[in-house]
Each structure stands twice: as structure tokens, then as C-alpha cells.
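Novice: Place chain B on chain A using the hints.
What follows is each chain in one-letter form.
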Amino acid sequence: MKALHALLDGIDRFFGFDTAYAHCDIPCGIYDPHAAQMAAHTVIRMADLIAALPKDNTVETMHKLVRYTAVKEEHAELCKREIRILWGDYFKHEHLEQNPELQELIWNALKLGSEARQKTDVKTAEELLSVVEKIAEIFWKTKGVETKRIEAFYPTKREIVYPKV
Amino acid sequence: MHFPLRIFKIKERSMEPELHEGDYVLVRQAFIKLSPGDIVVLRHPKKEMSIVKRVASAGSRGYFVRGDNSEHSEDSRHFGRIGSEAIIGKVVCKI
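Going line by line, the protein sequences match chains A and B.
So in the numbering used here, spot 161 of the first sequence is number 161, and the numbers just go up one at a time.
So in the numbering used here, spot 12 of the second sequence is number 12, and the numbers just go up one at a time.
For reference, chain A alone in the conformation it holds in the complex (with noise of 0.2 Å):
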């Protein structure tokens, strides 16, 4: 099949075939990592707010506690979609040749997207953000960009991966 895809690859540089197109209703092209990387710390912070909550049983307490875990609910539930829509719409074959590790992280971004709403503890949200952040990388270089790890102007305090530009 490869070889009658190249062999039509070398007629349509020819002729040119038809184009049916796969019709979308926004601008294709329009990705960034960046908020997969925002809602992965933002569910860091829930999971640091968390643990420094009083250890009492004082609806003050219980209020709040119900608030952090509703947001970092939502965050990583928003990472997971960000991280699907990175590997549904914009990665590509060759990004996965060029990149093999990327379905393993992709994967494990996922996975812990579930266990940091399952979990409260920092460390599977730390976690989840660094694989996020690989991602963001390898997203950045499929585009010949390099990128930056610096920290992250959020009370998080951790890391974020930023294009040079």
C-alpha cells in the first residue's frame, strides 16, 4: 500500500488529483501546549492548597476542601482534553516517527490526568506536569522552535515550558 501511495504521490505531482477536503469549521493550525501546562499546575496548586489545609473538621475547613477539589476536578479533566486534542488533531505520523517516546507520554499524561483527580497529593500532580511538559517540548520542536524551562510566574512555583521566540 506504501508503494502505490508514493506511486500516486509522483502522478498527483504531475497532473494533480481532485482534493476532497475534509472540511473543518475553524482555522486548522491554531495548537499550543500552553494550556495543557496551565491546567496541570493549576491542579499542583489544588493539591498544595490541600495539604496545608487545617487538619480540623470545621465547615470552614470541609467548604474549602470541597472548592479545591471541584477546581483540580476541572483542571485535570481539562488537561486530558487539551493533551487529546494535541494528539487527535495536531501530532502527526512523522512527529511520532521523529519522536517515538511521544505515545508513551501521551499515555501517561493521560493516566495521570485520572489519578490526580482520583488522588489529592502533590506528587502525582507534579508528575502529571512533568510529562506535560515533555509534550510541550516535543510539540515546540515539531515546529523548529526551541524551548525554555523557566519558572512559572504562578504561586505554583514550578517549572513551564516556553517557545524562544
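It is possible that some hints are incorrect.
In silico BS3-like cross-links for lysine-lysine, where the CA-CA straight-line distance does not exceed 27 Å [claimed, not checked]: (1) B:K47 with B:K11; (2) A:K123 with A:K134; (3) A:K2 with B:K94; (4) A:K157 with A:K64; (5) B:K9 with B:K33; (6) A:K92 with B:K9; (7) A:K92 with B:K94; (8) B:K11 with A:K92; (9) B:K11 with A:K141; (10) B:K11 with A:K2.
Hints in this document: simulated from the structure, not taken from any laboratory.
Specialist: Leaving out everything else, chain B in the frame of chain A:
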């Protein structure tokens, strides 16, 4: 008079994961009987272009077509059902 078979090259991504940009599809233009689940090449009802979608339902009011990658697809959810005159052909295989 159409050739019964025609090759199209796929562009854009609304039919992923079934069809990727750069794929070729062999399309049968004659003796077509469409059922839900079939992939079709059709004329866009509002633009001068051929598009590829999957038939979600077929009835007396025409065909409701959708992209598999539904978050990134312009299809019958936007332009409504399409008539059989808009159908160019049915995708019979991917290359």
C-alpha cells in the same frame, strides 16, 4: 458521462482518524446506494469545493453527513441535509 471510478486526495482533518491529510481515496461515481456509515465525497452546498464526510442518516429529506473528527468539522450540523444531486460518489477504499 462520468468515469465510474475517480481518485481524490484528502486535505484537512475533519475525517480523522479514518482519513488523514495526504491520503488518497478511490470513489465510485456510479451505481451508488448509500447507507449510514458510508463515506462520501460531495459538493459543498455553499462553497465551490468537494468535501468528504460520513453519512450519519439517510431519508426522504436527503442525507445528514458528519465529519468523524466532530469537534473540527463543518458538516450537516452547519449546512443542513444534502440532496443526492450533491453526492459525487462513495469512497470504496483508502490508499
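Novice: State the violated hints by number, sorted upward, taking the hints as numbered earlier in the document.
Specialist: none
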